[in-house]
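2 protein chains.
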Amino acid sequence: MELLKRRIIEDGRVLSDQVLSVNTFLNHGVDPVLIAAMGREFAERFRDAGVTRVLTIESSGIAIAFATAAELGVPLVYARRRKALMNEGEYYSERVPSFTKGIVTDIVISKEVLKANDRILFIDDFIANGDAARGALRIVERSGATMVGAGIAIEKAFQSGGSFLREQGIPVLSLARIASLEGGQVRFAEE
Amino acid sequence: MELLKRRIIEDGRVLSDQVLSVNTFLNHGVDPVLIAAMGREFAERFRDAGVTRVLTIESSGIAIAFATAAELGVPLVYARRRKALMNEGEYYSERVPSFTKGIVTDIVISKEVLKANDRILFIDDFIANGDAARGALRIVERSGATMVGAGIAIEKAFQSGGSFLREQGIPVLSLARIASLEGGQVRFAEE
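So the protein lines, in turn, are chains A and B. Sequential numbering of the first sequence, starting at 906, is according to the working numbering. Sequential numbering of the second sequence, starting at 906, is according to the working numbering.
Check the hints yourself; a few may be wrong.
The list cannot tell twin chains apart, which means a pair is met if one copy fits it or any two copies do.
The calculated SDA-like cross-link candidates involving lysine to any residue, where the alpha carbons are at most 25 Å apart (straight line), are [claimed, not checked]:
| no. | residue 1 | residue 2 |
| --- | --- | --- |
| 1 | Lys1016 | Phe930 |
| 2 | Lys910 | Arg987 |
| 3 | Lys910 | Ala1021 |
| 4 | Lys1016 | Glu946 |
| 5 | Lys1020 | Phe930 |
Note that these hints are calculated values from the structure, not bench results.
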């Protein structure tokens, strides 16, 4: 997606060979025009997949997932990161390490908002080694629902998360695929 | 807002005299049609306030704040809850207790996304005793920006947060004001 790639070049900041900050427009400061356009891209790609629910994990996927869900006309659920919030009934829980934050959290989804007949489109801002996506996929599978696609804003193609999802047979649309952040430079993967 | 009040009656769950769960449509499961309508209400009310940025705090305000920002055509910023995420430059930080979670967190906003000439519309899903709003207001004031209004989905009118903001001279629009949750019943405040 040219709009996103251009914005990454203009306003992204390479913090290390592994970490790209998009704090000013994607996951702290948020540009609604860009995010709405991303939502339309994901909706267009997965329009015929029979999606019944969009799933993301708090917090940084929420705006993009909301835009996608609104465009598809289906509900959204965002997995929460602490059990403390979910002490009111039954939920699915998976332990997930976070690559950028260096911590392990539990992601939880209430059984009220994830059903066995759901067809889930997973949306997130980044995929790196895929731990979050893996956790989300495990929960979806345990619920009996099906993950019919994944829409990722920025895929770090030099890590294995995107490949993992594709190997599971899940169609993945990444709007920007980054081949390398070495030397402080963003290099995108060939289309 | 009748649409929200009706939904609270139909799908909300009173967990105690203090706590109302809206997990199935507002802050875990999210109904994009409802949230978009809420964004339009906030945008309409504050259209002439010269808002330059919408501010919320992760995570449960993000979808509503995004809908509002998209409607107003201004950027959004959501305060993050941990310093670990913000080790890349300067930020404002305030310590905020959470009523429902019983924990204290630091909310942080990068100086990159909050400027002295900003006119801020604060958006959140709930206001109870107002600790989060108070923390957000302190950060806005320290940055030199101005909080020109607050849009709250659900105000617990039996707690003091909404009154606190109004006493600061900040116009507050709450879409549903709850007078009491006693006896497992939602009673709305008179308009």
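We went through each hint and held it up to the structure:
{"no.": "1", "hint": "Lys1016 / Phe930", "result": "between (33 Å within a copy, 13 Å between copies)"}
{"no.": "2", "hint": "Lys910 / Arg987", "result": "neither (33 Å within a copy, 28 Å between copies)"}
{"no.": "3", "hint": "Lys910 / Ala1021", "result": "neither (37 Å within a copy, 29 Å between copies)"}
{"no.": "4", "hint": "Lys1016 / Glu946", "result": "neither (29 Å within a copy, 31 Å between copies)"}
{"no.": "5", "hint": "Lys1020 / Phe930", "result": "between (33 Å within a copy, 15 Å between copies)"}
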